[in-house]
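**Q** In case you want the letters, here they are:
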Amino acid sequence: MERMQQIVSRARAAFSSGRCRSLEFRVQQLKALQRMVQEKEQEILAAIQADLHKCGYNAYGHEVLGVLAELALAIENLPSWAAPQHVKKNFLMMRDEAYISFEPLGVVLVIGAWNYPFILVMQPLIGAIAAGNAVVVKPAEISKNTAQLVADLLPQYLDPELYPVVTGGVPETTALLAQRFDHILYTGSSAVGKIVMAAAAKHLTPVTLELGGKSPCYIDKDCDLAVACRRITWGKYMNCGQTCIAPDYILCDPSIQSKVVENIKATLQEFYGEDVKSSQDYERIINKHHFKRILGLLEGQKIAHGGETDEDSCFIAPTILTDVSPDSKVMEEEIFGPVLPILTVKSVDEAIEFINRREKPLALYVFSNNKELIKRVISETSSGGVTGNDVIMHFFLSTLPFGGVGNSGMGTYHGKHSFETFSHRRACLIKDLKMEGTNKLRYPPASQKKVDWMKFFVLKRFNKGQVGLVILALLGLVAAVLMKVSFG
Amino acid sequence: NPYAGLVNHLRAAWLSGRTRPMEYRMAQLEALGRFLDEKKEDILKATAADMGKPLFEAEYSEILLCKNELNNTLNNLSHWMKDEHVDKNLVTRLDSAFIRKDPYGVVLIIAPWNYPIHLLLVPLIGAIAAGNCVIIKPSEITKKTERLVAEALPSYLDKDCFAVVTAGVQETTRLLENKFDYIFYTGISSVGRIVMAAAAKHLTPVTLELGGKNPCYVSDSCDVQNVARRVAWGRFFNVGQTCIAPDYVLCSLEMQEKLLPALREAITEFYGPNPQESPDFGRIVGDKQFQRVQALLRSGRVAIGGQTDAETRYIAPTVLVDVQPSDPIMQEEIFGPILPIVIVATTDKAIDFINSRERPLVVYIFSSNDKEVNKVLERTSSGGFCGNDTLMHFTLNSLPFGGIGSSGLGMYHGKFTFDTFTHLRGCLLRAMGREALNTLRYPPYSQQKLGIVRAATEVKRKGSCTLF
Numbered sequence: 001m002e003r004m005q006q007i008v009s010r011a012r013a014a015f016s017s018g019r020c021r022s023l024e025f026r027v028q029q030l031k032a033l034q035r036m037v038q039e040k041e042q043e044i045l046a047a048i049q050a051d052l053h054k055c056g057y058n059a060y061g062h063e064v065l066g067v068l069a070e071l072a073l074a075i076e077n078l079p080s081w082a083a084p085q086h087v088k089k090n091f092l093m094m095r096d097e098a099y100i101s102f103e104p105l106g107v108v109l110v111i112g113a114w115n116y117p118f119i120l121v122m123q124p125l126i127g128a129i130a131a132g133n134a135v136v137v138k139p140a141e142i143s144k145n146t147a148q149l150v151a152d153l154l155p156q157y158l159d160p161e162l163y164p165v166v167t168g169g170v171p172e173t174t175a176l177l178a179q180r181f182d183h184i185l186y187t188g189s190s191a192v193g194k195i196v197m198a199a200a201a202k203h204l205t206p207v208t209l210e211l212g213g214k215s216p217c218y219i220d221k222d223c224d225l226a227v228a229c230r231r232i233t234w235g236k237y238m239n240c241g242q243t244c245i246a247p248d249y250i251l252c253d254p255s256i257q258s259k260v261v262e263n264i265k266a267t268l269q270e271f272y273g274e275d276v277k278s279s280q281d282y283e284r285i286i287n288k289h290h291f292k293r294i295l296g297l298l299e300g301q302k303i304a305h306g307g308e309t310d311e312d313s314c315f316i317a318p319t320i321l322t323d324v325s326p327d328s329k330v331m332e333e334e335i336f337g338p339v340l341p342i343l344t345v346k347s348v349d350e351a352i353e354f355i356n357r358r359e360k361p362l363a364l365y366v367f368s369n370n371k372e373l374i375k376r377v378i379s380e381t382s383s384g385g386v387t388g389n390d391v392i393m394h395f396f397l398s399t400l401p402f403g404g405v406g407n408s409g410m411g412t413y414h415g416k417h418s419f420e421t422f423s424h425r426r427a428c429l430i431k432d433l434k435m436e437g438t439n440k441l442r443y444p445p446a447s448q449k450k451v452d453w454m455k456f457f458v459l460k461r462f463n464k465g466q467v468g469l470v471i472l473a474l475l476g477l478v479a480a481v482l483m484k485v486s487f488g
Numbered sequence: 001n002p003y004a005g006l007v008n009h010l011r012a013a014w015l016s017g018r019t020r021p022m023e024y025r026m027a028q029l030e031a032l033g034r035f036l037d038e039k040k041e042d043i044l045k046a047t048a049a050d051m052g053k054p055l056f057e058a059e060y061s062e063i064l065l066c067k068n069e070l071n072n073t074l075n076n077l078s079h080w081m082k083d084e085h086v087d088k089n090l091v092t093r094l095d096s097a098f099i100r101k102d103p104y105g106v107v108l109i110i111a112p113w114n115y116p117i118h119l120l121l122v123p124l125i126g127a128i129a130a131g132n133c134v135i136i137k138p139s140e141i142t143k144k145t146e147r148l149v150a151e152a153l154p155s156y157l158d159k160d161c162f163a164v165v166t167a168g169v170q171e172t173t174r175l176l177e178n179k180f181d182y183i184f185y186t187g188i189s190s191v192g193r194i195v196m197a198a199a200a201k202h203l204t205p206v207t208l209e210l211g212g213k214n215p216c217y218v219s220d221s222c223d224v225q226n227v228a229r230r231v232a233w234g235r236f237f238n239v240g241q242t243c244i245a246p247d248y249v250l251c252s253l254e255m256q257e258k259l260l261p262a263l264r265e266a267i268t269e270f271y272g273p274n275p276q277e278s279p280d281f282g283r284i285v286g287d288k289q290f291q292r293v294q295a296l297l298r299s300g301r302v303a304i305g306g307q308t309d310a311e312t313r314y315i316a317p318t319v320l321v322d323v324q325p326s327d328p329i330m331q332e333e334i335f336g337p338i339l340p341i342v343i344v345a346t347t348d349k350a351i352d353f354i355n356s357r358e359r360p361l362v363v364y365i366f367s368s369n370d371k372e373v374n375k376v377l378e379r380t381s382s383g384g385f386c387g388n389d390t391l392m393h394f395t396l397n398s399l400p401f402g403g404i405g406s407s408g409l410g411m412y413h414g415k416f417t418f419d420t421f422t423h424l425r426g427c428l429l430r431a432m433g434r435e436a437l438n439t440l441r442y443p444p445y446s447q448q449k450l451g452i453v454r455a456a457t458e459v460k461r462k463g464s465c466t467l468f
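Residue numbers (the UniProt record's numbering), protein chains in the order written: chain A, 1 to 488; chain B, 1 to 468.
None of these hints come from the bench; they were simulated from the model.
Honestly, I wouldn't trust all of these hints.
Distance ranges between label pairs, derived from CB positions [said to hold, decoys possible]:
no. : chain 1 : residue 1 : chain 2 : residue 2 : range
1   : A       : Glu39     : B       : Ser326    : 47 to 57 angstroms
2   : A       : Ala191    : B       : Asp37     : 46 to 56 angstroms
3   : A       : Met94     : B       : Asp37     : 22 to 32 angstroms
4   : A       : Lys88     : B       : Arg174    : 37 to 47 angstroms
5   : B       : Glu151    : A       : Ala13     : 54 to 64 angstroms
6   : B       : Lys288    : A       : Ala198    : 24 to 34 angstroms
7   : B       : Asp37     : A       : Asp327    : 52 to 62 angstroms
8   : A       : Lys88     : B       : Asn374    : 17 to 27 angstroms
9   : B       : Glu332    : A       : Met1      : 27 to 37 angstroms
10  : B       : Ser221    : A       : Ala191    : 52 to 62 angstroms
11  : B       : Asp327    : A       : Glu39     : 55 to 65 angstroms
12  : A       : Gly169    : B       : Asp87     : 39 to 49 angstroms
All C-beta atoms, glycine included, are put in the ideal place defined by N, C-alpha and C.
Same shape as in the complex, but just chain B (with noise of 0.2 angstroms):
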């Protein structure tokens, strides 16, 4: 067991007791703070290098919206850490009763390579918050943002209690094998499984953060313009390479004639007649992907782009027609900017199509027409839901993120992250006291005993008679 060094020493920093008091973790998380200023340069540059992220989706995702976590982390530590207290009943009415809230020990966060920083950084923010001692392990794909990951970053944390490690799929399998005390994975539902299986073997609690197709229901009644920007803003950011992109379009056939010149005329708004030369839009992260996601092209018919080239794994923003919900499109998640429409007849026949698929991370819809946004809410199931955007449900911290079946388990973002690592633990202190009070309980039992113990225990409706 190649880590078993690594995680007792680890675990024997844990059971110091060092990562528990405040201070340390506030000094620890400003840290951090300073690795994202003073690394900024290299963080944008090495995830440049990797899939050529257009420098302000970069500094958005993985610099401005981890400082907001940060920040929102340090300046609320405090309250989050108290014991919170709890209403009592009446026969715990004099006693203590809180909820403790206890750093699990030492726990695995896995990233994945399509937000490198992000997506390794906010689950950190919150285990180094709630106390425990982390083993970070960045994704092998995006190379360099690994290799400034795990030469830079330890050199701002306590070496004792944080360890990054790089590993392949090999070494994180061996990595899987040993005991931790929370595993906080990113990634594809196929892997979720693997690492669900490890951890079960340990009795490890899991937040799996995964994926599946996001449908986009574009209704009839909406401003089609306005539409259609959001829909592309959030399927080309970052060349479609993100958990919460709208997969795949569902709409009428009028609608997709509407859709189509306003889905043209957003893609030039953003990048230009050429694309390809625009600096706002990136490309695919390796060739085992950008493979993967050309062969997708084939599906239907290209209505716009459908352009690629391999050597620079460019594929052209891209909308597809004459999908059929048979198609190897439609079969796994895009991850690419490609957008299929699929056409239903209405709302009614869109929430159907939605619910004979796996439960995504989020569903979408473009409505102008409240109740329509409500019916599609309150007949599906995803893990998030956004009306009349795209993926501005990410930013909003003080909303749970995660997903549900397939598309995940567990949540986070905001406090959500503190409370993923920390283990609720219900406390009550009574008083030696008062003994008299708690001869009820004890035998030898009679009739008369069970009465007052009713009579004191029970919660009643309010308004009922007292007589049952």
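This is chain A alone, in the form it adopts within the complex (with noise of 0.2 angstroms):
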């Protein structure tokens, strides 16, 4: 509790000491991180394979990939993004200075998760920088080569007392999560979701949550099927189905739920090959514990593909199961997993009634020729986020908010959304010692002269089109002078 106290008041003076908050420090703490990215590009790989037997091309296109367009976005779109904002005035204010000013937060706690273990605190972290917060890192345990890379690096590229990293399991989690922070984002389970959220609640801390779920994939019976499993069966098996936006279940028609194993089967031949297990593009679970629980969701289901298992390797092979009961072990939890329940529904009113029925999930999919089915699916359901035609998509174009909504998060990251979410709108209204005359007609003795006065400053709504600021200017005046006149 007291190393936790030490390392986070560090960073509370550190960051009292204003040296992050010029835009300059920030940039150069970023290609900092740039720099470390390139230069270290063969040992990060290396950590992602070792946690989660994952082959050198896919942990640079899922992770480092992202996180050097991330850095790039950033370094970009630092000086707009962090400039201040102008607003609108109202007539009154028309002499005045109105504009909202983007101020770092302070300490920001960032919590990564372990299936994507380098960009989910990468990401983070660069819009906290860019922000301007100080930033104790704290990447999962249980991915712990990329823990242990990322305590190692960091602190080589990045101002040490600015950006410290944290690492262990849940005693030192809690420790850290019982000081102060301001802002905590949080990537991880529901369930610990509601931990974070209360220890923040203390302190009064804004949090982001970024959360998990069972995210549906509806397949429509007019569409393309070979393409939309094609699109699925990868979205589905990457990371071995590790994925917080992986399409967790299908829904369908019972008429085309043969067609779609046929395909996804296709698929997976066309992917990884004969013997899956000897395949380098294919992963594996992250520990036993998982292992353990994913075959669990197993008992009892119809196999219409894979099944195999290697509790040694942790390896679980592609698996789909058909003709699905809602009740079922597989359907109650998100799966996390190489196991893709089919579930049948007769119409697309079957479909959303039974999303809407449970708790809203992180992404939702559906595939459809029809542009028409897939606009009513959106507007009938709530998730926090949307690919139609493809899975996992819309999570890579970072000018689209990444959250989730109810069990499945709150708030939003990704690009510009972090750094207005580690920022503070800051609304900031400058105004003239002078020019008092307009003043008077708030202050008391109080008249109905001054509340319709009020009125129409107030509630008058000018279209400028019309009206023509010239005109504008002029009522001004003689409405000072009229004032002036009446108040003295």
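Hey, can you piece these two chains together into the complex? The hints should help.
**A** The structure is reproduced here in structure tokens:
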């Protein structure tokens, strides 16, 4: 506990020194991160491989590429993101300065997850640094190789007081959460999300919680099944299903269920060959605990494809389940594994109803040639985000805010949204000490005349196009003179 | 769970989709406008009875400002509701990418007593505009206003989607056991913590509009008479029961000597020689609050005012001097018509003083020197900032209004209220064709595929070399 207190107060003192306020400093730190990712690329890929049995290409494509993109975006745009935003003024404030100032919050805590252990600490860290904060980074302990690497590397490239890394498990995280932060971004499960928010509540700390759920995938009868299934196969089995926005389960008409299975099987063959276990491109379950958990979900299910496992290497083959009942265990929790249940529904109405009866998911997927149908599903459901006719991809467009809703989380980040999440939008109004005339309207003693003038200024909505600024200015002048005469 | 039935009823209405169409929301908002028009006299009477709110203040804060927000929302709703299309990268160039503005569902608004209609209606306007169902909990402290809201408001709104709950502390605790999709609370920090802890159990996002001690630094270079008027107005409006009132003044000894007569003059200008007789000066809302504020008079020395009358809950517009930072009046938000002056020698000392305390809802500075204003702005942190005036930043609804640290989290006013009650849903709609482009991302992987992916998706620094 004491160690955590020291780390956080050192970060706070470093923040209060003001050195991370300047844009130059922030860009310098971001550029250092860029160098780190480029110089240590092999070490990073090796750590991810050790944790998740992920090949270099995959690790690069899933994690490193995204980090480099975020860094480039932040470095490029920081001056415009951080610039004060002038706002529309009303008539009374025409001569004043009114703007929103983007300011750092202070000391931010970033808690990462193990499934994409590098990008899920780096992406929030980038946004928090860009916004001018000090950041305590707590990588997930389960992905221990990446956690250790982050703990070793960050102090070599970044200001170690401002951006300390804390490694450890539940006791260390609990001790950390007892400290006071100015924002906490947590990626992980809903159960722990509640614990994080409860800890944050003690200090009135705002939180961004990137949680999970069961992301549904509705396949309409009217769609190119081969294409749809290829995309779904990619999104479902990448990282061995351990992706927060993986399509968790499929909803489709009973008449196309077997075709869906056929198409997925064919794609799996294309992707991983005859013997999946020997494919370099297929990952493993992170540890024995999750391996056993996922195995448990297969009990009593109709396995249409896959089902092979090997506990020693935490291997679970890409698996498809058919005719799954909504009440079965596999439909109770987020699967987070390479098991794809298919549930049949007779219509899109039934699918919508099914989805709405459950907790709001992090992602929602719809496949259809019918644009109207897709729009309808989106409008009649709720989810963190949506990709239509594909899976996962909305994650990679950083202009889209990424986050959950309800049980799948709160708050958003990515790109500029990260900057805004980690900033305080401070409203600034700077007036003149002169021009006291107009203020007299609001001072006591009150009178009907004052109320009428107030209404004129506050309620009247001028259409600038019609009235014109010159006339407006003239009116202002006349008003000022009249008021000086009335109220002295 | 005494409120489960009510919450379930609203949730069923929410799931029916009734609150989503723009026409529905506009109709409800227009009904709110009629409430403000038709019940105006009742509102003014109720707030006068509850806390002696002067008619001008009530009309301005409870009616005019609410109508402003309402009209602004009605004028802009269709624009705010629209899908917001976003810039795309190379990979998604031919897709449709937009942010969908989704309502959260069933939201809870808990309002305080100091501006009992305003601080209930303004969040409500945004919640309705954003397409939610709402449970409204007005303050139990301002009883007549509470009754007015409970009896009159529901008849203007769709009863299946909007409900008013009257509740004291115990009942509110029970209410908070239910799952809401958003909670908007205005009040004090200690209860803010309780609300957020309750929300955490259901992973409910919150906006907390809290308070603190808003410092008001008066520099040596300023026009004292105008300063005194603006500070006095901000301090004594609603008898100081305003979350953004200047809580205390920081200034040099020389400035204090100039400020005191100027403040005396301003108070007389506003309220006459005997403020107790002025129709423009209100009363403390209740006996408990009166006793709390009265006790604070013992700090320092009374330089102006100081008179009280427990029977009418009157406390005179008061200025205290010789106040030490350790005095009781400097330990809690005053929320009354008392203005303590604390002496600081320089602007830097004022900044240090402000920074040694919890971050307030607003920082005020009076100075005719721009550099000084900017210095205080840059070196302090607060919900909002107002230079050379008090309270006014609140009335410009293009500015976000909210706190930071113990003064709150989240923001609202104008479009920010709509955004607060909206889930920003990122949507990407792709086409079934162009599958060839996707093969780059599919296994089996290769160096070649990676190279192309890299080239196509990287965001590069403008003007940098293409070779890493």
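**Q** Each hint needs a verdict: does it hold in this structure or not?
**A** Hint-by-hint comparison with the structure:
Between A/Glu39 and B/Ser326 the beta carbons are some 53 angstroms apart, a value that agrees with the proposed interval 47 to 57 angstroms. The beta-carbon spacing between A/Ala191 and B/Asp37, approximately 49 angstroms, falls within the hinted interval of 46 to 56 angstroms. Under the hint 22 to 32 angstroms, the C-beta atoms of A/Met94 and B/Asp37, about 29 angstroms apart, fit the expected range. Look at A/Lys88 against B/Arg174: about 43 angstroms separates their beta carbons, and that is inside 37 to 47 angstroms.
For the pair B/Glu151 and A/Ala13, the supplied restraint of 54 to 64 angstroms holds, since their beta-carbon distance comes to about 55 angstroms. Separated by about 30 angstroms at the C-beta atoms, B/Lys288 and A/Ala198 satisfy the suggested range of 24 to 34 angstroms. About 53 angstroms separates the C-beta atoms of B/Asp37 and A/Asp327, a value consistent with the hinted range of 52 to 62 angstroms. Separation of A/Lys88 from B/Asn374 is about 22 angstroms and conforms to the stated range, judged on CB atoms against 17 to 27 angstroms.
Distance hint for B/Glu332 and A/Met1: a CB-CB separation of about 29 angstroms, consistent with the stated range 27 to 37 angstroms. For the pair B/Ser221 and A/Ala191, the supplied restraint of 52 to 62 angstroms holds, since their beta-carbon distance comes to about 57 angstroms. For B/Asp327 paired with A/Glu39, a C-beta distance near 57 angstroms keeps the hint of 55 to 65 angstroms intact. Roughly 41 angstroms separates the CB atoms of A/Gly169 and B/Asp87, a value that falls within the hinted 39 to 49 angstroms.
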